[in-house]
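Peer 1: So the chains spell out like this:
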Amino acid sequence: MDYFAQQLINGLVLGSIYGLIAIGYTMVYGIVGMINFAHGDVFMIGGFIALITFLILISFGLTTIPLILLVVLLVSMAITALYGWTIERIAYRPLRHSFRLAPMLSAIGMSFVLTNYSQVAQGARVKPIPPFITGGYTLHESTDGFVIQLSNIQIMVVVTTIVLLAIFTWLVSRTRLGRDMRACEQDQTMAALLGVDVDRTISMTFVIGAALAAVAGLMYLLYYGLVDFFMGFVAGIKAFTAAVLGGIGSLPGAMLGGLAIGLIETFWSAYFSVEYKDVAAFSILIVVLIFMPTGLLGRPEVEKV
Amino acid sequence: MTAPSTNTAKPATGIPALLKTAFINALIALVLFSLMIGIRTEAGSSGQLTYWTRFGDLASIVAAVFGGSIVIELLRQWIGPTGAEKLVPPAVQSGISFIGRYLAPALLIFTLLVPVIFYNQRYILDLAILVLTYVMLGWGLNVVVGLAGLLDLGYVAFYAVGAYSYGLLATNFGWSFWICLPLAGILAAFWGVLLGFPVLRLRGDYLAIVTLAFGEIIRLVIINWQDLTGGPNGVSGIPRPTFFGIPLDNSDDGLAARLGIEYSPTHRIVFLFYLILALALLTNWATIRLRRLPIGRAWEALREDEVACRALGINTTTTKLTAFATGAMFGGFAGAFFATRQGFISPESFTFQESALVLAIVVLGGMGSQLGVALSALAMIGGFELFRGLEGYRMLVFGMAMVLIMIWRPRGLIGHRAPTVYLTKAKAISSDLVKEGHG
Numbered sequence: 001m002d003y004f005a006q007q008l009i010n011g012l013v014l015g016s017i018y019g020l021i022a023i024g025y026t027m028v029y030g031i032v033g034m035i036n037f038a039h040g041d042v043f044m045i046g047g048f049i050a051l052i053t054f055l056i057l058i059s060f061g062l063t064t065i066p067l068i069l070l071v072v073l074l075v076s077m078a079i080t081a082l083y084g085w086t087i088e089r090i091a092y093r094p095l096r097h098s099f100r101l102a103p104m105l106s107a108i109g110m111s112f113v114l115t116n117y118s119q120v121a122q123g124a125r126v127k128p129i130p131p132f133i134t135g136g137y138t139l140h141e142s143t144d145g146f147v148i149q150l151s152n153i154q155i156m157v158v159v160t161t162i163v164l165l166a167i168f169t170w171l172v173s174r175t176r177l178g179r180d181m182r183a184c185e186q187d188q189t190m191a192a193l194l195g196v197d198v199d200r201t202i203s204m205t206f207v208i209g210a211a212l213a214a215v216a217g218l219m220y221l222l223y224y225g226l227v228d229f230f231m232g233f234v235a236g237i238k239a240f241t242a243a244v245l246g247g248i249g250s251l252p253g254a255m256l257g258g259l260a261i262g263l264i265e266t267f268w269s270a271y272f273s274v275e276y277k278d279v280a281a282f283s284i285l286i287v288v289l290i291f292m293p294t295g296l297l298g299r300p301e302v303e304k305v
Numbered sequence: 001m002t003a004p005s006t007n008t009a010k011p012a013t014g015i016p017a018l019l020k021t022a023f024i025n026a027l028i029a030l031v032l033f034s035l036m037i038g039i040r041t042e043a044g045s046s047g048q049l050t051y052w053t054r055f056g057d058l059a060s061i062v063a064a065v066f067g068g069s070i071v072i073e074l075l076r077q078w079i080g081p082t083g084a085e086k087l088v089p090p091a092v093q094s095g096i097s098f099i100g101r102y103l104a105p106a107l108l109i110f111t112l113l114v115p116v117i118f119y120n121q122r123y124i125l126d127l128a129i130l131v132l133t134y135v136m137l138g139w140g141l142n143v144v145v146g147l148a149g150l151l152d153l154g155y156v157a158f159y160a161v162g163a164y165s166y167g168l169l170a171t172n173f174g175w176s177f178w179i180c181l182p183l184a185g186i187l188a189a190f191w192g193v194l195l196g197f198p199v200l201r202l203r204g205d206y207l208a209i210v211t212l213a214f215g216e217i218i219r220l221v222i223i224n225w226q227d228l229t230g231g232p233n234g235v236s237g238i239p240r241p242t243f244f245g246i247p248l249d250n251s252d253d254g255l256a257a258r259l260g261i262e263y264s265p266t267h268r269i270v271f272l273f274y275l276i277l278a279l280a281l282l283t284n285w286a287t288i289r290l291r292r293l294p295i296g297r298a299w300e301a302l303r304e305d306e307v308a309c310r311a312l313g314i315n316t317t318t319t320k321l322t323a324f325a326t327g328a329m330f331g332g333f334a335g336a337f338f339a340t341r342q343g344f345i346s347p348e349s350f351t352f353q354e355s356a357l358v359l360a361i362v363v364l365g366g367m368g369s370q371l372g373v374a375l376s377a378l379a380m381i382g383g384f385e386l387f388r389g390l391e392g393y394r395m396l397v398f399g400m401a402m403v404l405i406m407i408w409r410p411r412g413l414i415g416h417r418a419p420t421v422y423l424t425k426a427k428a429i430s431s432d433l434v435k436e437g438h439g
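Residue numbers (the numbering used here), protein chains in the order written: chain A, 1 to 305; chain B, 1 to 439.
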């Protein structure tokens with residue numbers, strides 16, 4: 001039971017990170033109708049930028065951990081958001097009215113560009129950082145000595161995710177930008193006729209998605225203590241699985257799907273085999289798409305002739 | 001559905017506007033690359049991260065972006081708005097058909113003569129074999145992507161199935177290449193059907209992601225099922241192919257000894273060359289024949305409009321499954337050839353990058369054009385060889401090329417569609433006019 005509880009905590013933390021990435025997939029799919037294949041690599045870039053900012057701040061002699069974290073968060077969100085904006089501008093916008101497979105193929109190309117760009121720019125080796133946030137709480141100690149730990153970093157990941165999700169929900173449901181986004185999702189032509197700047201709205205979608213991916217990258221860096229240039233690929237596919245599982249286009253669905261994928265992966269590793277945890281995640285993707293293509297909270301897609 | 005675009009409405013003119021655009025682009029580049037290029041991190045010997053600055057590189061890249069955006073902007077104003085002509089003009093069309101009529105036979109004759117011309121240049125022969133392998137893979141994937149319009153991102157899985165089928169059967173049971181070759185094809189086709197069944201209802205992007213997941217699952221299973229596949233260490237000692245039972249080595253009953261000529265290791269290379277050429281031509285021939293059969297027509301109809309297909313009574317289930325199975329079978333053949341040529345296979349050869357490369361070959365070739373696929377395989381693999389020393393930059397350039405091709409020529413180099421059925425005279429139309437449905 002204690003082992004189960006510990007895995008539950010670990011799974012929720014991992015799921016929060018996946019959920020943050022999944023939001024980027026689901027938003028873009030909802031509005032533009034394409035799978036932003038490069039989104040996993042945007043997450044990786046976010047992790048790298050966070051790592052480099054950490055290094056610079058520390059070498060400048062900053063020691064206040066909360067201040068460092070805040071600066072790193074803002075810098076990595078800002079720069080990664082610019083990456084998201086540039087990617088949309090260069091690789092996706094010219095293809096918006098091209099044939100069906102073009103944006104997907106362009107996105108795959110962009111994913112290769114980002115992966116190899118960071119490999120060339122920062123080297124192929126794994127980059128570790130020393131743990132910044134240490135300590136935690138012992139929730140429960142059983143008689144046979146098994147301890148349920150809740151570390152501070154785990155608390156931070158979950159709290160940050162909840163706060164961001166709250167801000168984001170407010171943004172989508174209450175602001176002008178959110179209204180524009182929802183309008184574009186329903187009907188781009190009609191939205192444009194009613195005075196919505198469609199190009200700007202789509203750009204902002206990519207910017208917000210990339211900023212959330214940057215937060216996920218920072219959380220990943222803090223939680224696992226390392227980044228490498230190839231981490232975006234698998235994380236990206238898993239987050240996409242989460243978005244599909246939750247129902248693509250649905251924001252609460254993305255978070256729910258992220259948590260589900262995190263929990264499934266953690267429990268699979270804990271009770272079955274670590275080697276096949278990725279196989280489990282990919283199999284879930286296939287099974288969900290076959291038996292439940294609309295996901296948990298998605299709307300059925302109407303076939304237009 | 002076309003939404004009005006605010007950006008294309010008014011092109012920037014004049015030198016101040018030009019400089020302003022270039023300046024903004026350079027500024028964006030500065031922010032983008034400031035940390036990733038300006039700072040280089042590396043883990044030291046004790047695991048401690050260190051960093052050093054590379055502001056010189058950063059400055060040159062920003063300057064390149066500044067200059068590049070001026071050049072691009074000038075070119076854009078010089079060439080004018082794109083998308084003006086949609087129909088292929090008659091002169092160009094007749095030119096294309098003239099070249100098309102003679103280019104393919106000329107290429108074929110040249111390919112047949114390659115081992116004669118370059119007999120003493122082992123490097124060129126090896127490269128030619130590699131190119132032909134990718135031509136074959138491209139033609140195989142062309143059945144699925146180009147003809148049936150099903151975007152398959154996990155094609156390398158079938159390549160892997162073929163390679164491991166031959167590798168394992170040959171090393172464990174000592175079966176010969178010529179028995180294993182059809183078996184590898186059949187097994188791969190079986191896996192193709194296995195993948196095809198669940199994804200029948202999926203379309204477009206979803207299909208692509210599921211095939212990608214399928215390819216990754218096959219690779220992960222190969223890595224982790226160590227008892228059978230040797231895991232990351234792979235399968236080694238795979239026997240070389242024989243000339244229908246006669247070994248191509250320096251022994252007494254080898255081919256050279258039987259023919260009474262002096263043995264040379266090049267014989268085997270030349271044999272491998274003609275073997276893959278024959279396999280590739282088989283793929284091509286089968287595809288051309290299949291296109292004229294009802295099943296091939298059903299594939300192309302499926303690519304254009306699935307709903308209309310169903311309305312016309314085409315069984316989309318069998319159509320999709322046969323497309324997957326046929327494409328997978330050719331992938332399996334190519335895999336068996338790969339295994340016998342290398343003598344060693346490991347999961348590293350079957351990554352997603354391989355799938356993307358084959359897909360890029362098909363897309364660049366113009367999806368459905370056999371000649372285009374062959375030419376783009378030559379261009380891609382040749383291009384890869386040029387960047388051989390620059391391992392990281394190679395994939396970087398490849399990715400950029402993929403994006404640029406999609407922007408510049410989304411229909412590939414040879415992007416016209418030659419109809420298989422026509423009344424009096426075949427008339428190729430620009431594929432820009434072809435609207436693809438869902439698939």
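Since the hints were derived computationally from the structure, they do not count as laboratory data. No residue lacks a Cβ here, since even glycine has one placed at the ideal position from N, Cα and C. Among these hints, one or two may not hold up.
To spell it out: a stretch of chain A is covered by chain B in this simulated footprint if at least three of its residues, at any positions, have a beta carbon under 8 Å from a beta carbon of chain B; those stretches are [to be verified]:
hint, stretch
1, 3–17
2, 98–105
3, 121–127
4, 135–146
5, 250–263
Sample of chain A residues at the chain B side, in silico, Cβ under 10 Å [what the hints assert, rightly or not]:
hint, residue
6, Leu74
7, Ala91
8, Asn152
9, Gln154
10, Tyr223
Peer 1: Work down the list of hints and note, for each, if the structure agrees.
Peer 2: Hints, verified against the model:
1. 3–17: That given contact is violated, which follows from only 0 residues of the stretch 3–17 of chain A lying within Cβ reach (below 8 Å) of chain B.
2. 98–105: Coverage by chain B holds here, the residue count being 8 at a Cβ distance below 8 Å.
3. 121–127: holds (count 7)
4. 135–146: Our answer is that it is violated, as 0 residues pass the Cβ test (under 8 Å) against chain B, missing three.
5. 250–263: violated (count 0)
6. Leu74: Violated, because the Cβ-Cβ distance from Leu74 of chain A to chain B comes to roughly 13 Å (cut-off 10 Å).
7. Ala91: holds, 5 Å
8. Asn152: violated, 22 Å
9. Gln154: violated, 23 Å
10. Tyr223: The hint is violated - Tyr223 of chain A has no Cβ within 10 Å of chain B, the shortest such distance being about 17 Å.
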